[in-house]
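Undergrad: Sequence:
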Amino acid sequence: MDIAGLGDSVAEKLVGSGVVSTFADLYSLDVPALAVLRQKSDTPATEKKGARPSDVSARNLLAGIAKSREAGMRRLLFGLGIRLIGERSAELLARRFGSLDALRAASVEDIAAVPEIGPVAAASLRQWFDSTQNQQLLERLKAAGVVMTSTSPVSDEPRTLEGLQFVLTGVLGAMDRNEAKRRIESRGGRVTSAVSSKTDYIVAGEDAGSKLEKGRALGIKILDEAGLLALLSENSPPPQAPPS
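In the working numbering, the protein residues as written are 374 to 617.
It is worth saying that the hints were derived from the structure and are not from the lab.
Mixed in with the good hints, there may be bad ones.
Have a look at the derived ranges for each label pair, beta carbon to beta carbon [said to hold, decoys possible]:
id: 1; residue 1: P405; residue 2: K440; range: 15 to 23 Å
id: 2; residue 1: G391; residue 2: P531; range: 50 to 58 Å
id: 3; residue 1: D580; residue 2: G389; range: 17 to 25 Å
id: 4; residue 1: R550; residue 2: A590; range: 18 to 26 Å
DMTMM-like cross-link-like pairs, simulated, lysine to aspartate or glutamate; straight-line CA separation at most 25 Å [what the hints assert, rightly or not]:
id: 5; residue 1: K440; residue 2: D375
id: 6; residue 1: K587; residue 2: E598
id: 7; residue 1: K584; residue 2: E598
id: 8; residue 1: K440; residue 2: D398
id: 9; residue 1: K515; residue 2: D503
id: 10; residue 1: K571; residue 2: E552
id: 11; residue 1: K584; residue 2: E535
id: 12; residue 1: K594; residue 2: E558
id: 13; residue 1: K515; residue 2: E535
id: 14; residue 1: K440; residue 2: E464
id: 15; residue 1: K584; residue 2: D573
Fair warning: this is a prediction, and the values are worked out from it, not measured in the lab.
The C-beta atom is built at its ideal place from N, Cα and C for all residues, glycine as well.
Based on the sequences and whatever the hints tell you, model everything.
TA: This is how it looks when you write it as structure tokens:
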């Protein structure tokens, strides 16, 4: 969940002291509960310095935990630590289903149909959701105000680029790279930073450098910005007529 101030050592103290036993316990912490973090270090050098987390540190940690409530479905799904569901899988599932409730209601077949997920990861996810203990955990997180929907709207555009990988290089004219990435992903494509044998297209703008050269050497298809726009427009629904 990318919680500021919650590193390994803090997590070990919280769990080791019994203050936190499940992920949901984080969202019921307060300053008195974090008194365990004020324990002196076992190392004499640290004790001499008198280095102890203060109430300010505790409040900063609580602020980080509070902020994580708004992280959205992708971070939450990744943070749950479900076997075979990594950061990329969580991103794909959040983009496809839009909410944790919709994902929980999906069949193994529906989940496995998402490119890059597959039947083994889908079965692992289904097994996790079917656990009574995990269902209770999700209900506690929901009651604590943790957002379980995607922070980005689910795209209703046709997924004409499903399974294709793109690399962007150089300066584009009509849109910047972030906009190009968003539009590619809204059609089901994936944008990566490095050129490899798995790359399907390189989108080259002005002053494209070594990525373009490597792509040519590998025989990868090269698109200019006009070519990308044409690809994005394929099978687009016709524009709606203005109201009369």
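Undergrad: Against each hint, give a clear statement of whether it holds in the structure.
TA: How the hints compare with the structure:
The hint said 15 to 23 Å for the Cβ distance between P405 and K440, and at roughly 21 Å that hint holds. Remark: the range hint 50 to 58 Å for G391 to P531 is upheld by a beta-carbon distance near 52 Å. Judged by the Cβ atoms, the range 17 to 25 Å given for D580 and G389 is violated: they are separated by roughly 53 Å. Taking the beta carbon of each, R550 and A590 are about 23 Å apart, inside 18 to 26 Å as hinted.
Annotation: proposed proximity of K440 to D375 holds, straight-line Cα distance about 10 Å (limit 25 Å). Straight-line distance between C-alpha atoms of K587 and E598 comes to about 19 Å, which keeps the hinted pair within the 25 Å bound. Using a Cα cut-off of 25 Å, the hinted pair K584 and E598 holds, with the two alpha carbons roughly 16 Å apart. For the given pair, K440 sits about 15 Å from D398 by alpha-carbon distance, which is consistent with the 25 Å threshold.
Restraint check for K515 and D503: the C-alpha separation of about 17 Å stays at or below 25 Å, so the hint holds. For a cut-off of 25 Å, the pair hint linking K571 to E552 stands: about 23 Å separates their Cα positions. At roughly 23 Å between alpha-carbon atoms, K584 and E535 fall within 25 Å of each other, so this suggested pair holds. With a C-alpha separation of about 18 Å, the suggested pairing of K594 with E558 holds against the 25 Å cut-off.
A hinted pair counts as satisfied when its Cα atoms are at most 25 Å apart, and K515 with E535 does not qualify at roughly 32 Å. For the suggested pair K440 and E464, the alpha carbons sit about 19 Å apart, so the restraint of at most 25 Å is met. For the given pair, K584 sits about 13 Å from D573 by alpha-carbon distance, which is consistent with the 25 Å threshold.
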